[in-house]
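Given chain P, put chains A, G and E in place with the hints provided.
Protein chains: 4
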Amino acid sequence: MLIVMQVRASEQQIEKVCGVVREMGLTPHPIPGSMRMAIGITGNKSRIDEGRIISMPGVVEVIHVTQDYKLTSREMKPEDTVVDVLGAKIGGEKIAVIAGTCAVESLDITMKVAEAIRSAGSIMLRGGAYKPRTSPYSFQGLGEEGLKILASAREKTGLPVVTEAVDTDTFDIVAEYADIVQIGARNMQNYSLLKKAGRARKPILLKRGISATIKEFLLAAEYIMSEGNYNVILCERGVRTFSDYSRYTLDISSIPELKMLTHLPVIVDPSHAAGRWGMVIPLARAAIAAGADGLIVEVHPEPEKALSDGAQSLKIKMFEQMMKEISLIARAIGREMA
Amino acid sequence: MLIVMQVRASEQQIEKVCGVVREMGLTPHPIPGSMRMAIGITGNKSRIDEGRIISMPGVVEVIHVTQDYKLTSREMKPEDTVVDVLGAKIGGEKIAVIAGTCAVESLDITMKVAEAIRSAGSIMLRGGAYKPRTSPYSFQGLGEEGLKILASAREKTGLPVVTEAVDTDTFDIVAEYADIVQIGARNMQNYSLLKKAGRARKPILLKRGISATIKEFLLAAEYIMSEGNYNVILCERGVRTFSDYSRYTLDISSIPELKMLTHLPVIVDPSHAAGRWGMVIPLARAAIAAGADGLIVEVHPEPEKALSDGAQSLKIKMFEQMMKEISLIARAIGREMA
Amino acid sequence: MLIVMQVRASEQQIEKVCGVVREMGLTPHPIPGSMRMAIGITGNKSRIDEGRIISMPGVVEVIHVTQDYKLTSREMKPEDTVVDVLGAKIGGEKIAVIAGTCAVESLDITMKVAEAIRSAGSIMLRGGAYKPRTSPYSFQGLGEEGLKILASAREKTGLPVVTEAVDTDTFDIVAEYADIVQIGARNMQNYSLLKKAGRARKPILLKRGISATIKEFLLAAEYIMSEGNYNVILCERGVRTFSDYSRYTLDISSIPELKMLTHLPVIVDPSHAAGRWGMVIPLARAAIAAGADGLIVEVHPEPEKALSDGAQSLKIKMFEQMMKEISLIARAIGREMA
Amino acid sequence: MLIVMQVRASEQQIEKVCGVVREMGLTPHPIPGSMRMAIGITGNKSRIDEGRIISMPGVVEVIHVTQDYKLTSREMKPEDTVVDVLGAKIGGEKIAVIAGTCAVESLDITMKVAEAIRSAGSIMLRGGAYKPRTSPYSFQGLGEEGLKILASAREKTGLPVVTEAVDTDTFDIVAEYADIVQIGARNMQNYSLLKKAGRARKPILLKRGISATIKEFLLAAEYIMSEGNYNVILCERGVRTFSDYSRYTLDISSIPELKMLTHLPVIVDPSHAAGRWGMVIPLARAAIAAGADGLIVEVHPEPEKALSDGAQSLKIKMFEQMMKEISLIARAIGREMA
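In order, the protein sequence lines correspond to chains P, A, G and E. To convert, note that position 313 of the first sequence is 313 in my numbering; the numbers rise steadily by one, no gaps. To convert, note that position 249 of the second sequence is 587 in my numbering; the numbers rise steadily by one, no gaps. To convert, note that position 283 of the third sequence is 959 in my numbering; the numbers rise steadily by one, no gaps. To convert, note that position 100 of the fourth sequence is 1114 in my numbering; the numbers rise steadily by one, no gaps.
Do not take every clue at face value.
Keeping only pairs whose Cα atoms sit at most 30 Å apart, straight-line, the calculated DSS-like set for lysine-lysine is [claimed, not checked]:
| hint | chain 1 | residue 1 | chain 2 | residue 2 |
| --- | --- | --- | --- | --- |
| 1 | E | Lys1338 | P | Lys94 |
| 2 | E | Lys1329 | G | Lys981 |
| 3 | G | Lys721 | E | Lys1319 |
| 4 | P | Lys324 | E | Lys1338 |
| 5 | P | Lys112 | P | Lys89 |
| 6 | G | Lys721 | G | Lys891 |
| 7 | G | Lys765 | A | Lys662 |
| 8 | P | Lys259 | E | Lys1329 |
| 9 | P | Lys195 | A | Lys450 |
Derived coverage of chain A by chain P (criterion: at least 3 residues anywhere in the stretch with Cβ under 8 Å from a Cβ of chain P; other residues may be distant) [stated by the list, open to error]:
| hint | segment |
| --- | --- |
| 10 | 441–450 |
| 11 | 466–477 |
| 12 | 496–507 |
If you are wondering where the hints come from, they were derived from the structure by calculation, not from laboratory data. Cβ coordinates follow ideal geometry from the N, Cα and C atoms, glycine included.
For reference, chain P alone in the conformation it holds in the complex:
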């Protein structure tokens, strides 16, 4: 349900409508637009008294949202959401590239990578301090030490940092250090973590589960938004199919589909999809050409020595090459690099 306010509706009118919505036992979500405010409503819709709302001052109309996902849908908010992190923007016209090592390994490596990717035009640094690993016996990340390394790198380079929170227990400490908190593919339906992310003040980068449908993906984002955090970035990273030559099958069609269905920014992780570096650049080009708002890419100065996912990491030279190529693609479709 969506309440559309008049262009000149006052803040007071908006607040009154929200109050009435709350009185009905529902939750109002103010959605500012370039022209006017709208108010999304979630909760048990049998409780709504439309007649009462429609007659309130400042209200133009009440719209029924047909999708199961509400706050994430373009029906609710036609304009693109732009997530702004310390001035770095994801969403909107420009193409944003996030890059870094898979796991944070040492300050030295992180600094080397951070400086290299910044020079190449990347606007944000990635790196995992807490790593979800398929085997309990694999390297599980440096933990808080890793977060501190990321914070040092941010201080020295000015690059905001993206890092993953793997559970509710460590979410708060991750959110304290991170500028954007990533929720990984394995946790896309970890609803407690999604709700916790929804109550956080940091933007969330949500990766698609390896066999999630588009609807399930948007409903996972809805979990976050329904708790009040509207700064969500969606990330396609490949799905699991019968295909055996790439680690996952990059679902390139999901990009135009998501851009149609939701106002949230959509980025692509070509590194995890490919599983080997030789395929990363073509997939990166394809993602931008298909309309993605950015990329998140793994880079390592010496991939053969990486503690995690070395096979899919680009060397710095290759990353620079990738940046040149995608900036040409961006221009070809009338966009430019952030």
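Just chains A, G and E now, kept in the frame of chain P:
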């Protein structure tokens, strides 16, 4: 790595070996067999001093386990694990059936179902108090009230209860009431939850993720076992494929495969795989015929009024029919109902 | 569209109705039932003049078939189709087992297998004379020489033979020697071959394509039936999924689904689904338990020397074991071996 | 097996080597390169006498090809194959676009589309005269009448035509009219048709099966090439996965993979992958960005009236828009439109 002890090794000898393993910075996991004790070792294998161990009194040999999963593998423990809950057994020769409503709805409905399934030969009651739901706006379960209803039903019928823990925050309260704690398909790679389950004293029913490989499934069980909880029951519940007429595709081949690779009990959930009641009984029969150690089935007195997953719930009469049919199948393959 | 005739409708009345249907530019398909005759109609339904038909002597009613597949559907023919080949029956109450080597290799091997499977209770012999192979450089079968070997084996053992036709060019020669002509999974949507099969007088064993939906499978059978050959046997042989430990994923749920939607016999090929012999028996048991009308299984006296698919062939001893086990399963579900 | 000849090897020397290869019971396939000739060898490799070949005049070395596919592999022929049809080229540096209606419907529509796509920069006309349809009751194409319409359109516009051969029976007539013969996804493993295509003198456009692995796809091309037809164009058109919002999942990663493994041209069909026109342009852009050598696209002046696959056809205006967009993408990656 597995240390095989002599048939007549004393407890003292076993304890000494465990002590030496710990000294090396590794974790010993005593695995009792019908004939003799073995000690699984997990941790950084570069630290192990095999010569020292092999020369200790009571030690027969040190075996290298070739699989990535160790404690779950049949290499480590050739004999079937039997999970015993208040005298109800899962694993071994007998076929165990767990049944109940999808979500706990009320004491009245739970009691009605509990009595009916006990009469029909079911040895355990299921019901979700905390429900993981794809949409944030769907019914999320009764929470602790649901757990109390399950406890009442156990008291009145003597049936142990299985219920799901959806996150680390509520795990403890679930484990307090439940006899077996279920970890659902969406959480199969929620490693914090798996580790928490590994430190609990209650057996764990682990469902396969909808696109998990067999290896990923066993590594998820390994997370639990590596923390010291060896009472794990595996549950196949269908995988996601292109096939569109059943909710999931029951991977029947996984049953003989798992029985070969692991000593853990393997049960099947035909209700979630099918997604509609008309297909539940044939799948239940097939599961037992393929070698499953049991079933977990949804039953509801009035499926059309169920708050969750009514379409796939059997009416009580149908459940009784199912029990008759699978007991005949059990006998045909030389097993009997628990 | 289905015309239901009166119980006592005369042959003349039936023939008249068929004549009128043909006059309208449509094709009539007489479908005998245990009680009365029905006449399926295929073709451009805009041409039908229902009023004219309903008023003809002997006609009870005209029913609209809601599915895209018509002649294959249970709506058109509620009773099970039984395919009878030289007295060997597939479909109906009894369980039929077809067995033999993957490819025909020599008269000696074929005779050895034929005698062994007959003693064990198999009612039909399989063996490929023309082999569809993924690589042009693999063994492509003995061709007509293979067909002659099968014919000799039939003569000596009395077992009817099933063998594959891989294209329209060799269909006629295959149909000349074979008692049932198999159309393999790769050819499930080879429409020219299906139409040719539809004009043949031999029953057709149609295997499901490795990623065919149930609807596509039934429409493939419809191609055969719409040309006038109503003796079609459907065979589930596994579908392609992300799962990597069996060659294909046996879609066990397809059995109850197909038995509900169509009157045609449904059998299962556990050998191709599994891809290795150790998994064949549990899958065979599961298939029968799920309601399959029979099996088609690969058997070889010395699998390690087989020219094709040795890994998935049962040795003769194992096949005998399988027959014992499935006859017990058959009895458990109230059926018996053919 | 590959025989590399000296740069200045004479035709006579080459012919002698081929003769010796034939004498050994093997098949030689001369593969001209920009610098020198190579000779691929297929057949039973146990028969080869390498010593004899290596000592012949003009021979540099004998190389073992490690892949199961030989003639299709880059190991055998490092340089890109360019298929030249009446001067229109597919493969090499330039991007080729083939366009037209799904089915040929009438001369009027075909001419309208042919002129429009030629003006927009398309180099070839597509249209199905024989249509493989999932249901026997769907429109099956105009047959030879359709071929004649295509021939008229070629005469009037100069555009070569691509059309599908659905079986061996009609292959010859299709090959008579067509400039390139298409083999559709359903027939990718119709080996008789592939062999027939291998003996034809027209280039073949081979579409990937909906669940074919890359290796199976290349082996299908190998079937064609092993018969002597080296003009094969590969076409990715989407694979079947769990994903339900597009008709198929365009496997964008297959493009860089195929370009690495084979020298054959690789084009993409975004229309069948998407299943609806709104997604065609982004997929077309992505395909070119990922390195495809061209596209085959469905265009219809009035898609809502199309006899087949209207939902996925671009209107002429949209197609012109697509051509503009992909020519910008082509330039961005250093290529240009053919």
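**Prompt:** Among all the numbered hints in the text so far, which are the ones the structure does not match?
**Reply:** 2, 9 and 10
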